[in-house]
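A.B. asks: The chain contents come next:
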Amino acid sequence: MLQADNVTFRYHADTPLVVDGVSLEVRRGDLVGILGPNGSGKTTLLRLLSGTRVPSSGRVLLDGQEMARLGRREIARRMAIVPQETELAFEYTVLEIVLMGRHAHLGLFEVEGPRDYTLARDALAATGTGHLETRAFHTLSGGEKQRVVIAAALAQAADVLLLDEPTASLDLGYQLDVAALLSTLNRERGVTMAISTHDLNLAASICRTLVLIRQGRVIASGPTDEVLTPAHVRALYDVDADVHVHAASGHMTVVPVRRLRP
Amino acid sequence: MSLRRRLLTVVGAFGALALLVLVWAPTVGSTSIDLGRVFDTSIPWADNVDAQIFFVARLPRVMAGALIGATLAAAGVVLQALMRNPLATPFTLGVSAGAALGAMLAIAFRLDVGTLGVSSVPIASFIGSLAAIAIVYGLASSQRRGLSTNVLLLAGVTLNSFFSALILFVQYLSDFAESFRTVRWLMGDLDIGSYGPILAATPFILAAFAVFAVLPRALNLLTMGEDVAAGRGVEVARAQRWAFFSASLATGAAVSLGGPVGFIGIVVPHLVRLMVGSDHRVVLPAATLFGAAFLVLCDLLARTIMAPLEIPVGIITALIGGPFFLWLLVRQS
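Note that the protein sequences, when read in sequence, are chains A and B.
Take 1 as the starting number for the first sequence in this note's numbering and just add one per residue.
Take 263 as the starting number for the second sequence in this note's numbering and just add one per residue.
The following block holds chain B by itself, in its conformation from the complex:
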């Protein structure tokens, strides 16, 4: 089958799945709502509980889930190709640890950096992720012409544990309520409750996806090694830089929005590769669509499984992703 037809089939199938999930998910929840009343504009907003639940509690949550799921899955695909390592995740390079540190500092010191309808915590965590990206890039590009993927990996892993130590230290000094908020943030939660943060994160994510769109053939070749890629006509150092910055920026924006929701960036790319092969021109759009559907479904479980209690979605994805990751490890060796 030619690539164009494969792409149409795959995007059609995963697109239909994502659309179905996105339309269905906001109608389901611990409280049953009447869709007729939700869209009935003759009822005043203040009296329309159904519309309030739909538009304030559920819709932003579903939108955030789709955006974050799509972003983390696509960033996972890009970073796995860049690192030539199928076990890499969007959090391997320390971006999420930087975001976590930023978020925690905002919580612990009650920083007031909120602007444009976005509160302090997401903004601080986005700044933290940018700092982590700068540090890792500085280290990995200092040695040679391209990006050393070994240094990237080591710098990322080291930064992850160093930032975790800082987080624990400030946590130890904070009071109970602040600690609790930080821990909740670290679990990954889509209960955003407004559209502002989603709108704020979207431009960064869209910019990253614009870069993703031109990368796939270079990513295919990068997985064969830098010299082969260069020999086939890829400007290796440039492709690596674009891949690193776009995937990291997208990850930073997604994590600022919903916290470090784990395992999406590895479970989704692998499931997609099992279904459609390894050509990044197909994998990338498929993982984007499937990632959106997957995280919204996980969040649906999180909202309903212990209703009326809503548990953070990060717990669900970790419960699914942990065993999956181990299965991958065993299958690989």
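Isolated chain A (complex conformation):
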């Protein structure tokens, strides 16, 4: 349903390509992990997929329609974005934040109705944040904030969620919370997701499909258990790693062993 077709991107005409000929597809119901080292172009690729940047060449298609020709409102009804961190300039309550997810469904002067409140409360319940409804957003912990922002994305009733390093600023406990939440939403609600992340073990535990990116190019992609190999980890990070199925958790784990080049 979301497709990048030989996409390249540079921020300015005289700077090098950040994304260099990437093609990938996010299928309905998939949970795709976009992996790569710092500066590999993950975040830029996610921006291209979300349509907040327009490719220098190539196309991004949402349900077969070229993204550059769709308005933000039309895109937002089908696809939602979850940033790495959300900092608010003003104080809003949790419910207000989640209701803002309904923006693209409301007319110019329309006010949220009962249906919007129902969807917002459903989304809060699905992310385990229903009890926070009346709290001020800025008083929440990092993990709670991230779950509320995901709830807002759900309330947007979009089919696709794009998440930019959703666990990067969270501690271990919250990382597991958010990972479990994403996995549940994908399995039980059928929400399609693409996640950019550094965290190989997060990707291994929840992603069905992986896309490995280095210097703006795809070096491998496919089902997680096929793509996540020691050879690919080495090609991606210059790190020798031990990859095996962890007995207790049942998913693959990556244990870095040593750095190959300084």
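Don't read these hints as lab results, they were simulated from the structure.
For every residue, glycine included, the Cβ atom is placed at its ideal position computed from N, Cα and C.
Some clues are possibly wrong.
[To be verified] So the derived list for chain B, only partly shown, Cβ under 8 Å to chain A, looks like this:
| id | residue |
| --- | --- |
| 1 | Leu265 |
| 2 | Asn482 |
| 3 | Leu483 |
| 4 | Met486 |
Starting from the structure of chain A, add chain B where the hints point.
C.D. replies: Using the frame of chain A, we list chain B on its own:
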């Protein structure tokens, strides 16, 4: 409580306050007047001192205060959301400095650009504010698709100090009387004395408010960052442009009318947010009404506190606003 009921309650309460202040303020002043005589049409205008005080001295002043207070408070709300910075004011982006430079050039060089019952100084200052808006917009939009709020802020701050330098330079060369007039203008004063300038400023302000009316939901989302706003369905670059131009134009018109009356654009939005929360659909109308009441009350103080001397209202708002601003800074950190 649903938004519609909250909006009704808030607009009802602030509307009642504004109405009360607007009706009461013209009846109060250093000279006591007899309202019966004011509205007694059987007395010839030339002999009716009460009516002259009411209709020439006080009413335009109260109307200007309401218009300027409402405008600066609303423009403050819009610009704070646009800049994602609660400490931004309508004057942060250099509009008032442009207006001040225009006004001062008109005073110093005795420019004669008056037209349609409006004298030279407000017209020159409005032209100055338009020039400042054009410069700041040109700089901030040259780099990327949207408006860079960082460049907006830097360009505004730089323009403010550059224009201030020009003002000081021309002041240094002007004679005593011209300098005095410029300084008085810079203090912010609502002693307008006729309805012409108010009528002239109103269309620009109304146009800006028409834009403000469609912005609030986009403003809510812009405070969460540009990418989030775009992801939620806001055409970010367009919303930013509309917000910038409408708020700047309104500020330019208000400053041309009464001078750079300080602190309204920050004190009122913050007090209102403390009372009604941050949803711009509620904040914007509430700040508009409260801004009108607040500036008229400040001007009432200015007219009566040292009666029969009338001090410029900008001094009162600064005396209230300065400490308030510091309190906000401390509270934020």
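A.B. asks: Taking the hints in turn, state whether each one holds.
C.D. replies: Tested hints:
At a threshold of 8 Å, the smallest CB-CB gap from Leu265(B) to chain A is about 5 Å, leaving the interface hint in force. A distance limit of 8 Å between C-beta atoms decides the matter here; for Asn482(B) the minimum to chain A is near 6 Å, and the interface restraint holds. With its C-beta approaching chain A no nearer than about 6 Å, Leu483(B) sits inside the 8 Å limit, and its interface hint holds. At about 6 Å, the closest approach between the beta carbon of Met486(B) and any beta carbon in chain A falls short of 8 Å, and the interface hint on this residue holds.
Violated hints: none; the structure is consistent with every hint.
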